[in-house]
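Assemble the complex: chain A is given as a structure, and chain B must be docked to it using the hints.
Same order as they appear, the protein sequences are chains A and B.
To convert, note that position 249 of the first sequence is 249 in the UniProt record's numbering; the numbers rise steadily by one, no gaps.
To convert, note that position 175 of the second sequence is 175 in the UniProt record's numbering; the numbers rise steadily by one, no gaps.
If you're looking for bench data, these hints aren't it; they were derived computationally from the structure.
Zero decoy hints are in this set.
Which chain B residues stay away from chain A? Per the calculated CB distances, all over 12 angstroms, these:
1) Phe57
2) Thr72
3) Val91
4) Gln93
5) Arg103
6) Leu112
7) Asn183
8) Leu192
9) Arg210
10) Trp221
Listed next, the in silico PhoX-like pairs over lysine-lysine satisfying Cα-Cα at most 25 angstroms (straight line):
11) Lys327(A) <-> Lys368(A)
12) Lys347(A) <-> Lys136(B)
13) Lys341(A) <-> Lys233(B)
14) Lys343(A) <-> Lys136(B)
15) Lys247(B) <-> Lys368(A)
We put the CB at the ideal spot given by N, CA and C, even for glycine.
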Amino acid sequence: MDAKDILGLPKTPLPIAQEKKSRPHKDSQRKPDGISREVYALTGGVAPLMPSIDVSQLKRRPPSDEKITWQWLPFTSSARKDNLQLYHWVRVVNGVPPTGDYSFAKYNKSVDVIRYTDEEYAKYLTDPKWTKEETDQLFDLCERFDLRFIIIADRFPTPRTVEELKDRYYSASRAILVARAPSPGEVASHPLVKEPYNVTQEIERKRALSMVLSQTKHQERKDAEVLAEAKRIAESRMAARAAEEPDLPVPPDIGPESAERAIGPGDTISPSNVQVHAAAAAPSTSVIADNSSTLASLRMLKVYLRTYALEQMVQAASSSAGLRTIKRVEQTLQDLGINLKPKVPTKAVCAEHLELRKEILTLLNLQKQLQYKEAEGSSFRDGSYGDMPGTAKRSQRAVDQDRTFVPDTISFGVIPGDRGVKREQKRKGPGRASETPSSPAGAHKRPRKMKASDL
Amino acid sequence: MPHPAPEAQVVDGGSASKPQRIIKLGKTTDDSDKKSTNRRVKDIELCVPIVYGTIAFYLGRKASESQSHKWTVYVRGATNEDLGAVIKHVVFQLHPSFNNPTRVVESPPFELSECGWGEFEIGISLFFHSDVCDKKLDLVHFLKLYPEDESGPQSTKKPVVMESYNEIVFPEPSECFFARVQNHPAVIVPRLPAGFSLPAPVENMNDKGRGDTKDHPLSQWFMNFSEADELLKLASARQQVQAHIVKLRRELSVIDGMPQPLKPAASYECI
Chain A
1 MDAKDILGLP KTPLPIAQEK KSRPHKDSQR KPDGISREVY ALTGGVAPLM
51 PSIDVSQLKR RPPSDEKITW QWLPFTSSAR KDNLQLYHWV RVVNGVPPTG
101 DYSFAKYNKS VDVIRYTDEE YAKYLTDPKW TKEETDQLFD LCERFDLRFI
151 IIADRFPTPR TVEELKDRYY SASRAILVAR APSPGEVASH PLVKEPYNVT
201 QEIERKRALS MVLSQTKHQE RKDAEVLAEA KRIAESRMAA RAAEEPDLPV
251 PPDIGPESAE RAIGPGDTIS PSNVQVHAAA AAPSTSVIAD NSSTLASLRM
301 LKVYLRTYAL EQMVQAASSS AGLRTIKRVE QTLQDLGINL KPKVPTKAVC
351 AEHLELRKEI LTLLNLQKQL QYKEAEGSSF RDGSYGDMPG TAKRSQRAVD
401 QDRTFVPDTI SFGVIPGDRG VKREQKRKGP GRASETPSSP AGAHKRPRKM
451 KASDL
Chain B
1 MPHPAPEAQV VDGGSASKPQ RIIKLGKTTD DSDKKSTNRR VKDIELCVPI
51 VYGTIAFYLG RKASESQSHK WTVYVRGATN EDLGAVIKHV VFQLHPSFNN
101 PTRVVESPPF ELSECGWGEF EIGISLFFHS DVCDKKLDLV HFLKLYPEDE
151 SGPQSTKKPV VMESYNEIVF PEPSECFFAR VQNHPAVIVP RLPAGFSLPA
201 PVENMNDKGR GDTKDHPLSQ WFMNFSEADE LLKLASARQQ VQAHIVKLRR
251 ELSVIDGMPQ PLKPAASYEC I
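Chain B with its partners taken away, still in its complex shape:
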């Protein structure tokens, strides 16, 4: 039987039930790390929901001309789980007027705090672990310092929060990655088809301390993103449109049913 994935700590579970589905390359006798990252899990897409954005506080009395706000830019798991299993490091690209505008954050929580006065676009590049993806993913976020409602002086207690929800999709994850995160809370693994047996689950070796943002100091300002609301609205809209379509189809068939060129004489008389 083929040898299971090299990082597996459970030895016997893997060899007994190696699914045919996952094996792409015939030769599996000496599994190096590289080989297992080449083997892909087809038809299963892994999805990592994230939220990225900024929180900005007005400094009030401590504000100066050039440093009126203290802000933090971050990428967090949508449910505040640790993204470190997926993301290796994040590069935040700040406005060139900042010292060293290219800031690299090597470990979760992936965030960066700074002081400044200006609003600008922050470039956020996500770099993944080698078994996850060798391409980076770029995001862009506009740093907002001033609230929409301009009435009254700015409060130092209530920050300006701008967050965006998105999902990172890996259409054909590597076996290694899959094994690593199939039980990880930050990753959404779809319902597996019947007969599909999983590769041996792997202990999460990232014990470098907490990378999740559940108890983050700013967590009280995090926005809630609920898909239920949006789904409801969409369903209701679709219903309306569908009803309208049915009506139109009926009317069209009425007209089609009428003989052409003759139209019912009634229409001439009703003036």
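Just chain A, same shape as in the assembly:
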């Protein structure tokens, strides 16, 4: 490019000129004030989103005409009711100490606890479960501790639960408020009146909360499983209602089979089975449901572009697939020589394109199923490993090494049984690169590239 530049071909200077011209306003942002260019570039060359320190203020010194000293002086605070004399360091300007209340006195807030008179108690507040003495003590503590009921409960002379104390306090205050108010309407907006304390609900709520907090991992997993199963059943019911003739035949026995396995004992292999079965079953039926709702929403539009319609349908079809799956679908399309977005998006082409994508999704799902099946098979074989999903993958290596007679599922070549190298199963398939490059084995997650020669 530079050589062409030097040779004087007119084209190249122009694009550069364009870039400069098309961004005139960005240049003015480039000049930092107050800090050197290199330092500015450290931050990425962009001004900080929030002004942290005003740079021009940094080098300022206090005006020199003022004489500043620091002195150890006594002070008073309006927050204190006793006469305790306290001292602190004070910044004195020109011999004049600062005036005003102690700066932190304003934070001394307290709660307005309603205090009742004895007659009011006799009239409104008598309660079989509470003596007047106890109630008095309660109100004292409330005032003293600003309604911090945990502390109040701790200090309370007779043993009472927090909920009981709260209940007594709030209902008593409420009764007094209502009694003192000239009319019920006036006090109706007071928060104490508007929302009465509900003891039973509070007790129940706290119990449920502590239950959730104290759940063991095992219980959590179980709960999640059951919920997921319920969701799947609900989804498949919904899809079955909305479904037309499904493209992919869904084996009818998958439903009850997976339900059984979920409810079985805490065998951790079976959950993964459940996932796989349901994953195969659910996408096919829920995809159909999504498609019909997308069609309906398209019909609601007065006008739309064919490419837009295709995008929506593709999205609907891949709604159950994760990002990685979608990327794999796109990779497969590219391998097959198909544009991700059709060049001539007619109705027929878009329909074919959509069907192709759906079929690729099915293919990928089947591949995954096959992997899981193999993993499951091998874990049963290797008795020394525990029933852990992690070991299923590890033991899969042993499976592949053994496999000459059991037909290899996804690749199309025969794999020699002798392989000393342990491959990393998770994401990479390059362990197989030592063999013929056209047949990475199906034991790992990367889908096999498809070629016309496969068929």
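Same frame as chain A, but now just chain B:
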């Protein structure tokens, strides 16, 4: 019998065979224009295939720093038919550095030519006739001036052409619109179901001169969009995938058929 669509010039044909399918509103005695645009043809979608894009010529000797290329942006029918029956006007939104960057083209052929040096995104808004659709449709196209292959100086004879094919779909066209364009070459009308009788066809009243692009000066550069090619490729790809699926299903059923946890002993022995 209900009165036929108001624009119908054929009088008797309409009244005799008014299909039940099309009548949505019961009252049809005094058909104003507005009423007939409210009546919709259900289950028939009209499709207008279009091609939009740009053609840019390098000006060569006549080029200056600020005007190095002459380019044209346009929207045409995919088969170069007149879009004027469907589109009322088109608004091209150019880069703000242009004078009056919002350019309105009121009649077909919907195109705009300009001179400049920069590449940018052109906004194209299609506005339809009132009986077609009251919502505009927005497209975006990137103006390309410089060819992909940068070898050698730019030719003034061979332009840089960028075209995109798309189809405008009207899922529930109004009766009026349908009547107007059912025989129009720019519009694809699907095969009508049996028993469906058409509203009276209407003379195309757009006699304002040719709006089609069949003999357009730039037509030699127009790209050809053939769906056959793409359909073939898609069909072959689908075949491959389907074959693969069949294979996998077979293998899965083999594994399923095996009793678990026992696997055939043969696998232990083949090391």
